[in-house]
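Chemist: Okay, here's what each chain looks like letter by letter:
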Amino acid sequence: MTETKKVPAKKAVEEYKEPSLWEIFTKGILKENGLFVMVLGMCPALAVTATFEGAFGMSILVVIVLTLTNVTISAIRKLIPNTVRIPVYVIIIATEVTILKMLVSAFAPALDKELGIFIALITVNCIILGRAESFASKNNVVRSALDGLGVALGFGLALSIIGLVREFFGTGMVVLGKTLPLGFEYTIFQNVGLDKYAFSILVQPPGAFLVIGFLLAGITAFSQRKGAKK
Amino acid sequence: MRKLFEKPLFHYTLVLAMVSLVCGFAIGGVNAITQPIIENNIIEATNEAYRSVLPGYASSSELSISGDPKSIQNKLEVKDASDQKIGYIYKAYGTNRFGSMLIVVGIDNSGIITGAQFITINQTYQVNGTRTNLSLYIGSPITDLIPNGDIITGATFSLVLAQALLADIATAYENTQINLNHSLDFNSSIWQSEVTIR
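Order-wise, the sequence lines are chains A and C.
Residue numbers for the first sequence follow the working numbering, so the first one is 107 and each next one is one higher.
Residue numbers for the second sequence follow the working numbering, so the first one is 986 and each next one is one higher.
Any given hint might turn out to be false.
The calculated label-pair distances, taken between Cβ atoms and stated as ranges, are [to be verified]:
| hint | chain 1 | residue 1 | chain 2 | residue 2 | range |
| --- | --- | --- | --- | --- | --- |
| 1 | C | 1046 | A | 240 | 40 to 50 Å |
| 2 | C | 1040 | A | 323 | 28 to 38 Å |
| 3 | C | 1162 | A | 144 | 25 to 35 Å |
| 4 | C | 1046 | A | 149 | 18 to 28 Å |
| 5 | A | 192 | C | 1006 | 56 to 66 Å |
| 6 | A | 299 | C | 1040 | 37 to 47 Å |
| 7 | C | 1006 | A | 125 | 30 to 40 Å |
| 8 | A | 232 | C | 1124 | 19 to 29 Å |
Interface residues of chain A toward chain C, partial, derived using beta-carbon atoms under 10 Å [what the hints assert, rightly or not]:
| hint | residue |
| --- | --- |
| 9 | 125 |
| 10 | 208 |
| 11 | 222 |
The set of hints was computed from the structure by calculation and includes no laboratory data.
Each residue gets a CB set at the ideal place from its N, CA and C atoms; glycine is no exception.
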């Protein structure tokens, strides 16, 4: 039987060191990555990552929504009664997503067509409500903004990696500027001949499960090996 | 009055009402700015789709959709640069449990689907498969829809909706042909009666 060392409550409070702004920002990117570590927000990860541009576009939208939501909720957190906090968060998130959807439809119609209803479905992304409830409602605006930005960048990075892997191995090339309003259209690896060796299943829905499964397995194996060395 | 504010129910209602009001105004404001741009984008996308679904498109005239299925939003008779009728374009809208879709289908004079495109596609499942499903029908006669994309794409529900929309377009196409034949018969009967009178 193992014995746990009891630490007096007062000492524990003294020992607790508040994380720095840098730590708040970086933990969401790697250590507590929303997709690869927490396995949250799987719906967009499976649905919109068939192309790199689609995944990257969704990443940008999530970064905007998550950062804005955290800032707004943190700013008004003292005015919101505890009982109605969840409905208020939902109203705020839904409003920001609706506004963003309108802006995307107006200024990036190709991205709107590519992502379709999944822009509106950012509202129900559990990472956004999760960060609002667990962090933004308890911290000041600067810390909440950095937390939102970090978590969203981590989520976006994961989405973009999945999109890149699926498109590259699924088609043998990566198209840029077709969906996002970049002002140019360019295909990477177009004339290399890799398309002959492409696994087209990777751009189909089962490909999302396969790629995410392999990436998750790789990351878990890496972190376990790292943990064992320590 | 102060006591009233202290009552939890009133306080909660007030907070929710204020938040909703602010959010409503924000949405309204952005909508006022973006709505004309979005409408313009849809018109441009529709015009581009019209040109791509029926090769040779130069001009079009709108036909009446009375008597056609409800999903048909627009019916156009298309002419080429030499003012010859080359076919029809149909715009149809439908919904299923995964969302909605707005499609444009071009049909030539012999009833063959020359092109099919999505203007909007709001499906939560299998968006790429849905696109593939519709493209499979290009080259098929509208009145005899054989291809079945379900096995290829696995997008069953969107395929069912796409097929339903195409079936509605087939009905509308047949209505157009009936009206056309009717007017031709009517014109020829007038011509015959004119001949008889002479």
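Chemist: Work down the list of hints and note, for each, if the structure agrees.
Modeler: Against the structure, the hints:
Remark: the range hint 40 to 50 Å for residue 1046 of chain C to residue 240 of chain A is contradicted by a beta-carbon distance near 60 Å. One distance hint, 28 to 38 Å for the beta-carbon pair residue 1040 of chain C and residue 323 of chain A, is violated here, with the actual separation near 49 Å. Distance hint for residue 1162 of chain C and residue 144 of chain A: a CB-CB separation of about 59 Å, inconsistent with the stated range 25 to 35 Å. Taking 18 to 28 Å as the suggested C-beta distance range, the pair residue 1046 of chain C and residue 149 of chain A does not conform, at roughly 44 Å.
For the hinted restraint 56 to 66 Å between residue 192 of chain A and residue 1006 of chain C, the CB-CB distance of approximately 19 Å leaves it violated. Between residue 299 of chain A and residue 1040 of chain C, the C-beta spacing of about 31 Å breaks the proposed range 37 to 47 Å. Taking 30 to 40 Å as the suggested C-beta distance range, the pair residue 1006 of chain C and residue 125 of chain A conforms, at roughly 36 Å. For the pair residue 232 of chain A and residue 1124 of chain C, the supplied restraint of 19 to 29 Å is violated, since their beta-carbon distance comes to about 44 Å.
Annotation: interface hint on residue 125 of chain A violated; nearest CB of chain C at approximately 30 Å, more than 10 Å. With its C-beta approaching chain C no nearer than about 4 Å, residue 208 of chain A sits inside the 10 Å limit, and its interface hint holds. For residue 222 of chain A, the shortest C-beta to C-beta distance to chain C is roughly 5 Å, which falls under 10 Å, so the interface hint holds.
Violated hints, in rising order: 1, 2, 3, 4, 5, 6, 8 and 9; the structure is consistent with all others.
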